[in-house]
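> Here is how the chains run, residue by residue.
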Amino acid sequence: MGQILQFAINGLMSGAIYALIAVGLVSVFKATRVVNFAHGYLIMFGAYFYFTFAVLVPQAAWAPEWLQSWRPEWMLAMRADLPMFSPMAAVLDWLANLPRIVLGLIGALVCNALLGLLIERVLMRPLMGQSVFAMIMLTVGLISILSGAAQLIWTSDAEFVPSLAPNTPIRFELFGSMIFLFGADLANMVIALLIFGGIVLMVRYTKSGIAIRATAEDQSTAYSMGISVPRVFSRAWVLASTTGAVAGAILATRNGISPSLGLFGFSVLAIVLMGGLDSYLGVFVAAMVVGVLEALTQWQFGGEWAGIVPYVAVLLVILVRPYGLFGSKEIERI
Amino acid sequence: MLSVRDLHLSFGGIKALQGVGFDAVPGEITAIIGPNGAGKTSLFNAISGFYRPERGKVMFDGQEITGLRPDKRAALGMARTFQNIALFRGMSVLDNIKLGAHTRLNAGVFDALRYFGRAQAEELALRADIENRVIEFLELDLIRKAPITALPYGLQKRVELGRALAMRPRLLMLDEPVAGMNREETEDMARFILDVQEEFGTTILLVEHDMHLVMDICTKVVVLNFGQQIASGTPDEVRRDRGVIEAYLGAAA
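Protein chains in written order, with the working numbering: chain A, 3 to 336; chain B, 2 to 254.
Derived by calculation from the structure, the hints in this document are not laboratory data.
It cannot be assumed that every hint is accurate.
[Said to hold, decoys possible] Quick list of the computed label-pair ranges, beta carbon to beta carbon: (1) B/P153 to A/V322: 30 to 36 Å; (2) B/G91 to A/I108: 33 to 39 Å; (3) A/R123 to B/R53: 18 to 24 Å.
The C-beta atom is built at its ideal place from N, Cα and C for all residues, glycine as well.
Construct the entire structure; sequences and hints are all you get.
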């Protein structure tokens with residue numbers, strides 16, 4: 003019993019990351035009807051931008067020393083008295099890294115937003131009014147361009163980056179069994195859930211959200227009613243690339259960073275299809291289900307099965323409900 | 002008001018519009034008629050900004066708007082409905098009409114913060130007032146909460162008209178407002194269109210196949226055939242025009 007809870011919680015934590023990735027796919031689809039096959043590579047760029055600003059820039063000769071490692075007197079004094087693996091030591095280590103983590107996140111958000119805008123302006127906008135299929139094929143082409151560019155710029159060596167939150171081990175009892183977590187994983191989950199929730203609220207209650215919903219339902223009508231559809235398009239792409247930047251940074255802290263990070267986008271695409279391309283709620287549920295299934299499969303059958311079983315479940319769901327768990331019925335299938 | 006000058010538009014080899022030009026009569030109803038494929042909807046789309054004409058001008062209140070995007074034209078006071086019902090199906094009747102009252106939906110989070118306070122309250126009150134007036138005017142009271150999909154065709158068309166009206170347009174463009182309607186629904190719609198014109202003094206431009214409706218309620222009729230403007234004038238003049246009779250009944254007549 004104790005084990006299953008532990009693995010389910012691990013699953014929920016990766017599910018939250020899937021949901022954060024999925025939010026970008028759903029937002030772009032809602033606004034533009036484009037299934038963005040290159041979303042995973044947008045995330046990979048976010049991860050590399052985080053790496054650039056959190057690792058490469060602080061290492062540069064011209065960077066101030068506190069950026070690389072911030073160690074004021076009081077911190078050194080505190081650190082000296084602590085035993086090796088105390089939680090407080092982990093928090094202090096994280097604090098020393100905090101300047102570069104913040105710089106990394108800001109850099110990743112800004113650069114990825116610009117990248118998203120560039121893609122929308124240069125590649126998507128000129129195709130507005132043409133068939134959506136052309137834009138979808140374009141995102142497929144974008145995959146090779148982005149992954150090639152990343153290898154050119156950053157080489158394909160795997161690299162490591164500082165995690166977003168202190169990585170203290172956390173132990174607690176739940177229903178009579180011991181649960182063991184890492185602080186960074188928990189913080190990643192909280193970050194992912196907050197962003198997801200914020201976006202859902204934004205789409206539901208703000209004017210820009212209403213504009214996105216109206217555009218999702220009918221582009222020409224929204225356009226002729228005074229909604230600037232091009233602006234909705236670029237907002238959706240910026241939303242996708244900035245949430246992607248955070249997701250990329252989180253993924254990079256979990257497994258290190260390399261161009262193969264882009265492949266992540268494809269597994270999330272399956273999740274999005276399961277949830278329904280245009281439904282935030284559906285995608286959230288699907289992300290959590292796949293996350294938990296993955297973790298439980300790993301526990302019962304080992305790691306090599308973990309990549310297969312959840313996606314068989316996705317396939318089954320799509321067979322029964324082609325438009326996804328919560329998707330609108332007329333939604334396209336791909 | 003609206004004037005169109007020497008409009009040319011083609012799709013590949015097909016010349017959809019060849020030198021169309023007319024003025025809409027301010028505060029009156031102008032109709033665009035013509036056989037299928039005459040270019041009526043293309044003309045509508047060029048006026049509302051979805052197509053960019055190769056030559057010619059569209060003027061609105063003396064300002065040239067030929068290159069303006071549809072949302073900018075909406076902000077100037079042009080509203081349109083579509084040939085196929087283009088309501089937001091996931092929303093209720095009231096929400097659809099509210100969306101019309103939003104015309105300037107571009108305001109973002111920061112605008113909203115800056116705007117907070119009295120000005121916003123006044124704006125909201127004004128908007129609610131418009132919504133209520135439109136709903137009352139078009140007799141949509143009983144169905145304001147109903148989902149769009151639950152409504153019969155004629156009512157959906159009326160909601161679409163309501164949404165356009167909530168934009169407080171000075172020019173209202175209706176693309177086949179009574180297409181597919183039965184006699185009774187057509188009469189209702191004709192009454193509402195006339196009411197809009199009388200009560201709000203809105204200039205109306207409509208594309209329509211129903212000749213009875215056109216001849217009954219319009220002050221001016223523009224006739225297109227194969228992208229060319231073959232006649233324009235009062236319903237009576239157009240009815241007697243030889244070119245028009247040929248276009249509708251074939252050259253032999």
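> Please write out, lowest number first, the hints stated earlier that are contradicted by the structure.
Hint check: nothing fails, all pass.
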